[in-house]
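*Asks:* Sequence:
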Amino acid sequence: MDPNDPNVKMMSDMRKMQGLMESCYAKTVMSGVMGFGLGGLFGAFMASMAYDTPMHTATVPGANQTPISSLPWKQQLRIGFKDMGARSFSTAKNFGMVGALFSGIECGIEGYRAKNELSNGVAAGCMTGAILARHGGPQAAAVGCAGFAAFSAAIDAWMRMPKEEES
Numbered sequence: 001m002d003p004n005d006p007n008v009k010m011m012s013d014m015r016k017m018q019g020l021m022e023s024c025y026a027k028t029v030m031s032g033v034m035g036f037g038l039g040g041l042f043g044a045f046m047a048s049m050a051y052d053t054p055m056h057t058a059t060v061p062g063a064n065q066t067p068i069s070s071l072p073w074k075q076q077l078r079i080g081f082k083d084m085g086a087r088s089f090s091t092a093k094n095f096g097m098v099g100a101l102f103s104g105i106e107c108g109i110e111g112y113r114a115k116n117e118l119s120n121g122v123a124a125g126c127m128t129g130a131i132l133a134r135h136g137g138p139q140a141a142a143v144g145c146a147g148f149a150a151f152s153a154a155i156d157a158w159m160r161m162p163k164e165e166e167s
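When we follow full-length UniProt numbering, the leftmost residue of the sequence shown carries the number 1, and every step to the right adds one.
If you're looking for bench data, these hints aren't it; they were derived computationally from the structure. Model, not experiment: these values are computed from the prediction. Cβ atoms here follow ideal geometry from the backbone N, Cα and C, with glycine treated the same way. Hints are not guaranteed to be accurate.
As the list claims (entries may be wrong) - Simulated pairs of lysine-lysine, BS3-like, Cα-Cα distance not exceeding 30 Å:
{"hint": "1", "residue 1": "Lys163", "residue 2": "Lys93"}
{"hint": "2", "residue 1": "Lys16", "residue 2": "Lys115"}
{"hint": "3", "residue 1": "Lys9", "residue 2": "Lys27"}
{"hint": "4", "residue 1": "Lys115", "residue 2": "Lys163"}
{"hint": "5", "residue 1": "Lys27", "residue 2": "Lys163"}
{"hint": "6", "residue 1": "Lys74", "residue 2": "Lys27"}
{"hint": "7", "residue 1": "Lys27", "residue 2": "Lys16"}
{"hint": "8", "residue 1": "Lys93", "residue 2": "Lys82"}
{"hint": "9", "residue 1": "Lys93", "residue 2": "Lys74"}
Claimed, not checked - Label-pair distances were calculated between CB atoms; the ranges are:
{"hint": "10", "residue 1": "Gln139", "residue 2": "Arg78", "range": "37 to 47 Å"}
{"hint": "11", "residue 1": "Asn7", "residue 2": "Lys93", "range": "41 to 51 Å"}
{"hint": "12", "residue 1": "Val29", "residue 2": "Lys82", "range": "28 to 38 Å"}
{"hint": "13", "residue 1": "Met17", "residue 2": "Ser119", "range": "21 to 31 Å"}
All chains, please: the whole structure from these sequences, using the hints.
*Replies:* Spelled out as structure tokens, the structure:
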């Protein structure tokens, strides 16, 4: 094989890229970044659909509040977009955290067990749910574990279903 051949170089680059994509660190970072992006879009959509928009401007507690409808149009938009940005960023952080935690834990379990099975996702879901609910106490952690594990099992089973059985 000629090392100067463009096909050989391309194959080498493809192997390097594939090795990087199979790395647990890369999977964790990619899932976190994609979760953050998707969470931001989802948060912006949900904030735009919320009908619990504050009808009063945020002021000092106990002070008279000005109804938003009495403010100038540009200021109303500024308040609305500021609220949308805050909600979007909050949802983005949550989605990014869940994605990074789950994929990192699942990849670690898969690497340790050297098997790609449904039980890896269930265990990762349980650990992710428990970690996310840890501040609520042991009962909250147990419920988080069970909920995430069940959701992970359902999604993983559906994704692994043979294509002819989907109908």
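*Asks:* Which hint numbers does the structure go against, in order from smallest to largest?
*Replies:* Per hint list: 1 and 6 violated.
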